[in-house]
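Protein chains in written order, with this note's numbering: chain Y, 1 to 439; chain H, 1001 to 1439.
No wet-lab data here; the hints were simulated from the structure.
Keep in mind that a hint or two might mislead.
[To be verified] Under the rule of at most 25 Å between Cα atoms (straight-line distance), these lysine to any residue pairs were calculated in the SDA-like manner:
#1 48(Y) with 1335(H)
#2 1229(H) with 312(Y)
#3 48(Y) with 1297(H)
#4 229(Y) with 1326(H)
#5 1048(H) with 229(Y)
#6 1229(H) with 330(Y)
#7 1229(H) with 345(Y)
#8 229(Y) with 1229(H)
Protein chains: 2
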Amino acid sequence: MSTASNLSDPARLSARAALAAIRAGRLSPAALVEACLDRIANRDAVVKAWAFLDPAVPRAAAGCVDPSAGPLAGLPVGVKDILETSDMPTACGSPIYEGRHTGRDAACVAALRSAGGLVMGKTATTEFAAFTPTDTRNPHAPGHTPGGSSSGSAAAVADFQVPLAIGTQTAGSIVRPAAFCGVVGFKPSFGTIDTSGMHHFASSLDTLGVFARSVGDAGLFAAAMSGWKALADPQPAPPTRVRLIPAPAWDRATPEALAALTSAAERVAEAGVPVDDSPLPDELADEITALLVAQERIQLCEGRRALAWERMAHLDRLSPGLRDHFESVADIPFEGLLEDRRLLVEGRRRIAALMAEGEVWLTLPAPGEAPEGMTTGDPVFCRAWTALHLPAIALPHGTGPAGLPLGVQLVGRPGGDPALLATAAWLETRLEPAGAPGA
Amino acid sequence: MSTASNLSDPARLSARAALAAIRAGRLSPAALVEACLDRIANRDAVVKAWAFLDPAVPRAAAGCVDPSAGPLAGLPVGVKDILETSDMPTACGSPIYEGRHTGRDAACVAALRSAGGLVMGKTATTEFAAFTPTDTRNPHAPGHTPGGSSSGSAAAVADFQVPLAIGTQTAGSIVRPAAFCGVVGFKPSFGTIDTSGMHHFASSLDTLGVFARSVGDAGLFAAAMSGWKALADPQPAPPTRVRLIPAPAWDRATPEALAALTSAAERVAEAGVPVDDSPLPDELADEITALLVAQERIQLCEGRRALAWERMAHLDRLSPGLRDHFESVADIPFEGLLEDRRLLVEGRRRIAALMAEGEVWLTLPAPGEAPEGMTTGDPVFCRAWTALHLPAIALPHGTGPAGLPLGVQLVGRPGGDPALLATAAWLETRLEPAGAPGA
């Protein structure tokens, strides 16, 4: 999206353009932070992306940063409010933790600070990164959801309030809000960014990732937090083959979403890359459907266990929806969880064997445009890839009937994150994102 | 060990005997807590098992417990001090966190309280459950280590200060101290007990487990924290086959440890269960050796990442040893970690395929008796099974030349925890533990 190189509005710069300007002495970290704070001041009443923001904190940090400090030197970032921060409260989207200071940084937050990044504030999250929506709004249309659970991170990046933000995904909590807000959402392979200091919901699925306004910015940020240098500067490169994945739950996709996907596939084919759009073998389609069911059950069973203290000590401060979800799995015996996990382990091996070297899968990130009202939308198009621990990335492409962003999702091989980013950087230049919000 | 049913010294009762007495109205939770506090008062200056203990807290809890509250009703337990507790500080064996209150319980602590258990106090842990020893002493001989990292939990249970305690294992931190202290140490399959609220070191390896003075007590406690009911009351049952595993690093075992193992194998054979003591195929021995190397590297690489904040904000308060360990892996690229993890995933699949239904592996838990001085001993005999996510249990058997406990380790199939406990309960009655400490 914005790769503007002029400095009239630094908040609209990409992360990499801002970095270059800072390094060249044409932009100070303080000026960048002020530009972002201005944007937030103008837009926060509408977008409501922040769970905590005290301008004094990023201002103080900007005053201390050494422009040569590291790969994120001087860049303000949003931190999802289920991640601990030493200088800001961590409320996890729950009244149970309102105003709680833990006095330390999550490992990924420390890593971004070590790289010179500045924490702008804590972004709004659904309750414990699960189902209960925040009051964050889609910056493209305030009557619509930004998606969740990383609602504030997606909205803040889309709305030019920060160039980068951290998200987490247990089902579809990065890829889906990225698509709804028209930004890049990158969920790396499971375990790429360390989760210490994160409030877990389902530890066998919870995956840290990033929001940015370009693939290159996403790679820069993910590399700084993970230490995986090969992610830092993705060079556009076509895949050897793209497989169109008409699953799972294809029947839930809107016509406009399918049209955007078809158009993206055509652009891939026009560039000379073979696109396999043959129907999935029944066996594979069945396996993916089984994975969806197992993923959802694991998420709930593990979430119920992980929140044992919150249930014991503060049951009345959990939302009725979350209590109902937990109640719905209370009778599943431990053997059921084991069986579901076993299915996922087997699935990881079998699906990996189907993906050829250099191949990426092209599918939908969400059923269509962001829906209206108090919902975070359907994660069905993301669940399987999260369950399989595969790297996935949402790219904006096209605009729906309500004028909201549409997009596509690319899924890579296990541990094939650098190749996935190279493909995404290649495809990005061939797609047509929706216009900027709140311009 | 102690299955005494008389109530002259309730601190020496097994967990299940104490429960039965409480349920029958012959023992009050308050009297049990007082007996344990008396034992601690008499022994703490020597054993030093506790990082935090305020008698008022368990006394207050004992006064409130309903004897019919749940499967642990009225039982005092020790909680390793890397697990958060809402009413006690959590210091992680580090000056960085001295006196820190987090205001919530780890999920496993909440689970044990929901089952009626009482938290006696926080047990001493090596720094972040890694390498730097505590000043806890082996209750059998104060000049010797209790092992680590779950030093205080193993020592407190062995010394009759509590009937049950929680441990965690990333390499050998449950099985080895259990063997050194002459108690049962059960490390369930990875992911059996939820780790939310635990200070992680290496999240792909960190596993919660338990210390107890009998297999039945270990099962009771693990069932209450995991919700896996099949663990709760293991009925002694012989395995179909026992495979003696003369690896890895057999050359590090002392003659007395090998003699204890041989004697245990003979007792299995005498009971009519086939024991396969043929040498491991070279390929398998090589694979296990490779797993050891990968496990150690993953532990350090993940630990270095997980402690990013502690390194950034408090480097001078990390021990020199831990800093050196982190420095030793600072140059390993992310791809190295990925490759090591891949090796473990493949190993899990291949090794699982080698274990027949009903088969258990019999091996050593440690090279021999607990060594003297400031060391927690060698975890080499545990690393591979932790890396493979397999359930493992240490059982005391025999006494070394210094009069300290020896033992054996049983390793089960993936997810075969109930069968492993049944075998362990069967074997337990055929073994000869060392005498009680500090009697």
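The hints, checked one at a time:
Between residue 48(Y) and residue 1335(H) the CA atoms are separated by roughly 39 Å; this puts the pair beyond 25 Å, and the hint is violated. Distance restraint check for residue 1229(H) and residue 312(Y): the Cα-Cα separation of roughly 20 Å lies within the 25 Å cut-off, and the hinted pair is therefore satisfied. Restraint check: the Cα-Cα separation between residue 48(Y) and residue 1297(H) comes to about 43 Å, which exceeds 25 Å; the hinted pair is violated. A C-alpha spacing of about 19 Å is found between residue 229(Y) and residue 1326(H), which places the hinted pair at or below 25 Å, so the restraint holds.
Taking the CA atoms of residue 1048(H) and residue 229(Y), the gap is about 45 Å. The hint is violated against a cut of 25 Å. Distance hint between residue 1229(H) and residue 330(Y) is fulfilled; the C-alpha atoms sit about 13 Å from each other, no more than 25 Å. A threshold of 25 Å between alpha carbons decides the hint, and for residue 1229(H) with residue 345(Y) the separation of about 23 Å falls inside it, so the pair holds. For the hint pairing residue 229(Y) with residue 1229(H), the CA-to-CA distance comes to about 45 Å; that exceeds 25 Å, so the pair is violated.
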